[in-house]
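S.K.: We have chain A; now place chain B onto it with these hints.
Chain order of the listed sequences is A and B.
Numbering of the first sequence is given in UniProt numbering, commencing with residue 1 and proceeding in unit increments.
Numbering of the second sequence is given in UniProt numbering, commencing with residue 1 and proceeding in unit increments.
Since the hints were made in silico from the structure, they are not lab data.
Computed from a predicted structure; not experimentally measured.
C-beta atoms are modelled at their ideal positions from N, C-alpha and C, and glycine is treated no differently.
Among the hints, a few may not be true.
[Unchecked claim] DEER-style ranges, computed between Cβ atoms:
1. Ser20(B) - Arg133(A): 46 to 54 Å
2. Gln22(A) - Thr23(B): 34 to 42 Å
3. Thr23(B) - His301(A): 40 to 48 Å
4. Asn180(A) - Ser20(B): 22 to 30 Å
[To be verified] Residues from chain A that keep clear of chain B, each with C-beta distances beyond 10 Å, as calculated:
5. Gln111
6. Ala114
7. Tyr140
8. Ala179
9. Val234
10. Asn246
11. Ile290
12. Ser302
13. Val316
14. Glu327
15. Ser397
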Amino acid sequence: MAGAGGGGCPAGGNDFQWCFSQVKGAIDEDVAEADIISTVEFNYSGDLLATGDKGGRVVIFQREQENKSRPHSRGEYNVYSTFQSHEPEFDYLKSLEIEEKINKIRWLPQQNAAHFLLSTNDKTIKLWKISERDKRAEGYNLKDEDGRLRDPFRVTALRVPILKPMDLMVEASPRRIFANAHTYHINSISVNSDHETYLSADDLRINLWHLEITDRSFNIVDIKPANMEELTEVITAAEFHPHQCNVLVYSSSKGTVRLCDMRSSALCDRHSKFFEEPEDPSSRSFFSEIISSISDVKFSHSGRYMMTRDYLSVKVWDLNMESRPVETHQVHEYLRSKLCSLYENDCIFDKFECCWNGSDSAIMTGSYNNFFRMFDRNARRDVTLEASRENSKPRASLKPRKVCTGGKRKKDEISVDSLDFNKKILHTAWHPLENIIAVAATNNLYIFQDKIN
Amino acid sequence: MECALDAQSLISISLRKIHSSRTQRGGIKLHKNLLVSYVLRNARQLYLSERYAELYRRQQQQQQQQQQPPHHQHQHLAYAAPGMPASAADFGPLQVGGGGDAEAREPAARHQLHQLHQLHQLHLQQQLHQHQHPAPRGCAAAAGASAGGAGALSELPGCAALQPPHGAPHRGQPLEPLQPGPAPLPLPLPPPAPAALCLRDPRASAACSAPSAPPGATPPAAAASPPASPAPASSPGFYRGAYPAPSDFGVHCSSQTTVLDLDTHVVTTVENGYLHQDCCASAHCPCCGQGAPGPGLASATGCKRKYYPGQEEEDEDEEDAGDLGAEPPGGAPFAPCKRARFEDFCPDSSPDASNISNLISIFGSGFSGLVSRQPDSSEQPPPLNGQLCAKQALASLGAWTRAIVAF
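Isolated chain A, as found in the complex (with noise of 0.2 Å):
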């Protein structure tokens, strides 16, 4: 397993250096809505890398095996399947058109030779099986030439098919369609540790299904008041546990973050851990309920940490403290300034996502301008870096960039200013095992190795 991943390490341990591997998606200026990825997850072996869009397609990427003769490029993500997975609809009573938009694919863990992900939009989620068919029954004698069944009693002889090679075709189905139990928009799904049991969450309420069984589901945590006059925070975010199957998180609007166990009580309204950071009155400003509602929780995969991402920072926590994080990670501390304007173009609503690496010795989350942080928890050192085409030759080093803040604008710097905030970089994705990411550029999807020195 991979150690820990960084950009431009100085000497000591392993010297890491990003590289570019490759692109996905088109290159045209004009960005067709539809394109925009909205999610982007490996699966647990991480051969697999499904990507969601605005449009309701699920892109399924495989990693090619290792090329003997070209030992040094690692094996290659390419196109493996392609479906729609969800389409526009409209709620005719609300008189409401439901997004195709995928939020989130998760998958599940590989049980036989075919694979199953969840992916979900506003209302809907949905079970796919993916499979592959490399052989075609042939020999029925139950047709005519021109394609007709014959009728049963001019098949006069017994023909038993054989079934003969074809050209691998990957078939996605859907096998199950968990629908109408969300009233609001659904903003996350977990698939439990036991395997068999699944969350989706809404703003107000977090459901759990049997992935057997779609007609039925349990409400287990519920913040609706009684009085809608008296909202003030909406769920942001949920996941399960990875290893205990009792035990679920759930982020807040108001920057907090609940744990629940599911053994105390059917309905976990009542939250057995509540994290939260008490807000510094001196930073308080018109935005500053914006900009600490959680847009993403995480748990690390030992289970022992999770991590919260605000609109400017990130936050990891020990499940075993509840009154602050651990580790403050400022994402981009230069847009504190600049919350006015980012309210008025939207951007202060941006819901940025956070990973950790396999071993859970980094972080990675997304910024603007097509730049993505990444944290090393060990060395205490940060990097960012972009994603662009420009940077886009095989093997080429990212090189760390830098957003001037202030005063005197440095060589290869970005000035506050000149940021791109289009560009955005909301879904990013780290290989279970190796050091391998994934990044969402808007309609483009980067994928960067690590190179040993």
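M.R.: Using the frame of chain A, we list chain B on its own:
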């Protein structure tokens, strides 16, 4: 990319966002609208606190002019944000009206200040009451500080639960503090009472007021105020220091509500009764006699005050002599929000006019009074129009539709 947004523009931007969220694909996003409502509340509180401060300052100026020795000025320095724009136009529509010279406005300002003073006395009364009977939850507004405030108008009550100064006598109702009652009150925590710090600490108020004189919004006053360079890079924004620490919050009787309209899925926050006070506080508003919600609002929900559009329309009618909408006055349950009726009503002659039409389409029939006034918009200065609408919109947010529990 620095922008200098004052509270007013922030309010109108927020309202615009709420409105446009109705037409966005995928329905109304609860989370985003909730966050916008927080900004709305923050901006409005600061805006109102600024107004109070300026009114008080002008009151002092009058007194100084009347009494030669400027002794009192010092005493009220705390309330006069030095960087406050001098022009009354900065205060928006509920002030004495656009243009005009300061002298002509003074009597009106004095009148307003007097009313505000009365309001504040009421507020203090209620806070006192509140201290004895603390509400289970409350929207705090520096209750503790107000008791020790150097002057009567020390804090702007962040969440007002005030009877209007004129409302009680005219309606024959006893002036009584609003009981918090058993009904749980919403509490977006922590609710800032920006005026508290702003008014108490001249330095803080300078910090908060300097950026609040944006280059574009207050042309005549901008020269007088410090250059509208934003707060130093270390400060988080423009209104640093304008918000007291959470420890400043006392318990206060709250009538703040966050309302979700499940028809439109818009979540907004408003402080019941509060903005309507401003409406009354303005000498320009002939509806003062009617005052804020009266008998019709002693609903079954106890202390929960709701605005009913009938009430609003009554008031608007006083102002514009427009035609009253269909709703009966006061106490009538709100009819389901009628949408898109007035969307094309007023031509987009100015951003504020479009603001009005937008708001009208949100709030439906509750604005029929305003709508009838549209063609006569020339009678009043446009900023007055749009922002008056904004103010009334905010005042009525708690009432324009009942938050229906879906299931």
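S.K.: A cut-off of 10 Å on Cβ-Cβ distance, and alanine 114(A) was said to be off the interface with chain B. Does that hold?
M.R.: With a cut-off of 10 Å, alanine 114(A) remains clear of chain B, as the shortest Cβ separation is near 32 Å.
S.K.: Any Cβ of chain B at or closer than 10 Å to valine 234(A), or is the non-interface label fine?
M.R.: Valine 234(A) is in fact no farther than 10 Å from some Cβ atom of chain B, at 5 Å.
S.K.: Decide, holds or violated, for the assertion that all CB atoms of chain B are farther than 10 Å from the CB of tyrosine 140(A).
M.R.: Given a closest Cβ separation of 46 Å, the condition holds.
S.K.: So the hint says 22 to 30 Å: do the beta-carbon atoms of asparagine 180(A) and serine 20(B) match that?
M.R.: Taking Cβ atoms as reference, asparagine 180(A) and serine 20(B) lie about 28 Å apart, which means the hint holds.
S.K.: Taking the closest pair, is the beta carbon of valine 316(A) still more than 10 Å from chain B?
M.R.: Per Cβ check, valine 316(A) is outside 10 Å of chain B; nearest 23 Å; holds.
S.K.: Please check whether the beta-carbon of serine 397(A) is more than 10 Å away from every beta-carbon in chain B.
M.R.: Label holds. Min Cβ-Cβ 31 Å, cutoff 10 Å.
S.K.: Mind verifying the non-interface call on asparagine 246(A)? Its CB should be farther than 10 Å from each CB in chain B.
M.R.: At about 27 Å from chain B, asparagine 246(A) clears the 10 Å cut-off, so the statement holds.
S.K.: Run the C-beta distances from glutamine 111(A) to all of chain B and say if the shortest one exceeds 10 Å.
M.R.: 34 Å, holds
S.K.: If we take the beta carbon of serine 302(A), is the closest beta carbon in chain B still more than 10 Å away?
M.R.: Label holds. Min Cβ-Cβ 30 Å, cutoff 10 Å.
S.K.: Isoleucine 290(A): least C-beta distance to chain B exceeds 10 Å?
M.R.: Isoleucine 290(A) not clear of chain B: closest Cβ-Cβ about 5 Å, inside 10 Å.
S.K.: Assuming the hint says 40 to 48 Å, is it satisfied by the Cβ distance from threonine 23(B) to histidine 301(A) or not?
M.R.: 43 Å, holds
S.K.: Should the hint that serine 20(B) and arginine 133(A) are 46 to 54 Å apart at their CB atoms be regarded as holding?
M.R.: Given about 47 Å between the Cβ atoms, the range holds.
Going through the hint list in order, the structure does not satisfy hints 9 and 11.
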